[in-house]
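Just so you know, the sequences run in chain order A and G. Here this note's numbering is used: the first residue of the first sequence is 276, the next is one more, and so on. Here this note's numbering is used: the first residue of the second sequence is 27, the next is one more, and so on.
Don't read these hints as lab results, they were simulated from the structure. Quantities reported herein were computed from a predicted structural model and do not represent experimental measurements. Only true hints are included.
The list that follows gives simulated cross-link-like pairs (lysine to any residue, SDA-like), each with its CA atoms no further than 25 Å apart: (1) Lys797/A / Ile453/A; (2) Lys735/A / Asp106/G; (3) Lys734/A / Lys168/G; (4) Lys734/A / Gly111/G; (5) Lys152/G / Asn724/A; (6) Lys326/A / Lys152/G; (7) Lys735/A / Ala98/G.
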Amino acid sequence: MENNEYDVVIVGSGIAGSIVAKLLTNAGKKVLLLEAGLQAGIAMDPEEAYKTYQGYLNTFYNASAKVPNSPYPNIKDAPSIDVLDIEVIKKNVPSTKGYLVQMGPIPFASDCARTPGGTTLHWLGTTLRMLPNDFKMKTTYGVGADWPFPYESLRPYYEMAENEIGVSGEVGDQHYPIKGEDIFGEDYVFPMRGIPTSYLDGVMTETIMKNNEVVLNDKTYELYCISTPQGRNSIPNPDYNITGVVWDTASKKLVQTRADGKDSYQPVGSNWDPYTGQRCEGNASCVPICPVQAKYNALKTLKKCDMSNLTIRTQSVASKLLINDTSKWISGVEYKTYKNGNSYEYETQVAKGTIYVLAASAIENAKLLLASGAANSSDQVGRNLMDHMTLLSWGLTKEPIYPYRGPGSTTNIPTFRDGDFRKEHAAWISPLDNWGWSWPVYSPGSDVNTAIVSGMFGKKLRAEMERVITRQFLVHFECEQIADPDNRVTIDPEYKDQIGNYRPVIHYKATEYMLKAFEAAKTVSDQLFKQCDIQDFTYYNPVTNPDYVTYKGKGYRFDGAGHIVGTHRMGANKEDSVVDADMRTWDHENLFLVGCGNMPTLGTSNPTLTMAAITFKAAEAILKQLEQ
Amino acid sequence: MINASSNVKLFLEISAFLTGFSETELKATGMLETYYNTILANTDGNDIDYFFQNVSDILSAPERTDATIEQAIAMQLIPDSCYSGLAKNIIALWYTGNWVGTVVSAASYIQGLMWEAGHTHPPGAKQPGYGSWANPPLSIVKQQN
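Excised from the complex, chain A in its bound form (with noise of 0.2 Å):
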C-alpha cells in the first residue's frame, strides 16, 4: 500500500459524503474532502456562511421561476442538472438544452444541486423509513431486485440516520399496508415530536375518511392518512435519549450513545446562530430554501467534523480515478481545480488516500466510475436509473382549505406503499400536498394572470383569487420506479463540460409497470376526488408536457420527484452490482461508493433517510477496514 497522507479521500460533501467525512475525523481519521462546487458555499465560519446563505435566499427572491435550483449558483466548470432544461425530446434528436444530454425517448425528470452540501440544500426533508418488503422485492413480488439484507438489519442505522438529521414526526401515527410488521422496535420515538399537520389535512383527512373506500381492478382498499415524520425542527421529544454516534475501536462497530436521562436532544440551529432555526417557522418554502435553516442540511453534519482532521478542497472536479494495473486498487483520484465557476481555467491534481469514496450524487458517481473504467465487471455502473415518476391531481374543493401555508407535505396516503398488487405494477405514496397547485400549474400567479387576461380587475379580481387560491387542493403519486438495466446513464467523448469532463448521457422510458401503475394512480385519485366533492382541474398536455406517455389509449403525464437512485446497485454478487453490502466495490477493495445510486429498490419514501442510513453502515465497514 502507498503511503498517503490521507487516510480517506471523499469526493463529494453533500449528506452521504459529509456523514463519512464527520464519522471518520472523529474517530481520528485523517480525510480530504473534494467538493466541485464553489469555496463561498462550504463556508464554517458563520458571517461567512451567513453571507453565502443571504445571497442564495436574495437569488431564490429574484428568480422567475422559483424551481429547486433556482437559489444556487449553476456554474460552467461544474453544471448542475435543471428542470427547466426539460423539454420534448423530438424522435432521433437528443435534447442537449441543460447539462444532461437527453437521449430520451423521454427525458428524465429530476434534479439535484451541486454545491457544497448538495441536494440537501433543497430537498423536501420528507424522512419516512422504507418498508421490509422493499428489501425483498425479488423475493416478496418477482420483480426488482433484492437487497443484500433485510429491513431488520438496517434499522439500527435508521435510528443513526434519524439522529444526525434530526428527525420530528410520531412513531404511534405510523400505520402501514402490511399490519403487524415491527418497524420501529419497542419504545422508539423520533428525537423531536411531530411537525404540526396543515389545516388542509385536518379538513381532507376528515373528508377522505368519511367515504374511504376505493376499488382497484376488482379489489377494495381503505384510504387513511398518516403524519410524515421530517427532517425539521419541532419541539424536543422527552422521551428520546439519544446523543449520537461513536466509532468503538474494541467492537470495531458504530454505537449509538445515549444520556442517562432523558430530555436531551437539541436542536441544531442554522450553520450562522444556534439560535435561529430552533423551529419550523413555516415559511412554506423548504423546496427550494429554508430561510432559517430549520430544515436539515448536510453542511451541518459537515461543521460537526472534527476540523483538525479535515481538510477541504473546493472548486475541485474529480475527473478520473487512477487505477493501479496489477492490484486493482485505486491510487488516486485525479481532479480539476478551477479558477473561479465559469472559467476555462482549471488546474489538474491528484489526490491521495488510504481508502477513496465517491459520495458526488447518483449520477456522478456513476459517470466518474464510466470515465475511469473502474468497478463495473458487473456492466452494471449506470444503468437502473430510477426515481419516482410521479403522477399530479388537482382540484378545487367545496371549502376553502387555505393552502401555501407550513411545510410542503405534512400527511400521507400511505394505502398503496405495498401489498401484491405490486406483482403487476408499481406501488406508490400519495402525500397530500400543502402549497395549492404551484407544482403543476406555477400557481398562484398563473392564476392571477389568467384572471387579468379575461378582464377581470379591482373587487372581482380579488374576490376571484381569494375563491380560487383558498381552495387548491393537490395530491400527488410517486410511484416506485423498478430497475431497468436501459434507464441508464452513459459517458459519449462528443458531450464534455467546459472543462473537459464528461456530461451524463441519459436514456430513459417508462416501462409497462410504471404504465400499468399510473392507469391504477389515476382510477385511485378519480375515485378520490368524486368521494371528496373536489372539482377536477388535473390536465395531461400532450403536446407541451415532456413526459407524457399513453398507455390503453389514454394518456399521463409524470413529474421527476427529485429522488435519483440506482446507477452503481448494492448487491449479494458481484456478477449483478457494483458494491457489496458495505458499499465497497466489488472490483477494488479500498473504494466505496456512498449516495442513493447504491439503492436496489426506491421503495415508496424518499430516498434521502434510507441513503443516510445505509451511509453510516458503508462508514463503518470503512472505519473497520482502515483499523484491519
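Chain A is fixed; fit chain G onto it per the hints.
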C-alpha cells in the same frame, strides 16, 4: 404635461381600483414609488401621458361613483388596445411583483398581493410562526372574531 409628483397620487388611486386593494393596503407594501418608477421606465412616454390623462378624467368625472369609475376602467383602460396593455401590467405588478414576467426586486416578490388575496404569505418570507399553519389563517380568524 402632467407633472410627475401628481401622477404618483393618480397611480395610487387608480391602482386601488385596478387591484381591489385599498390605498392603505397598497401603501403598506412599501412598493408604491418603485412600481411607479417601474412603469415609467418600461412604458412608452406617450402611452404614459395619455394613460394618466385618461385616469385623471375618469377619477375626476362629475357625479362619479365606484360603479361609474369601474365601468370607465373596463371600457377605457382594460382593453389590450389601450396604452399597450398598461393597466393589465399594473395589476400583475401589484399582484405578483413581476413586470411582464420578470421579478422587479426581492421586495416586490415578497410584497406580491396575490398571497394576501389568498390569505397566505409569499413562500420564503413573512413566515407566520411555528405551528400556525394548523389553524385557519390569521386574516380569517380576525374576520370571524
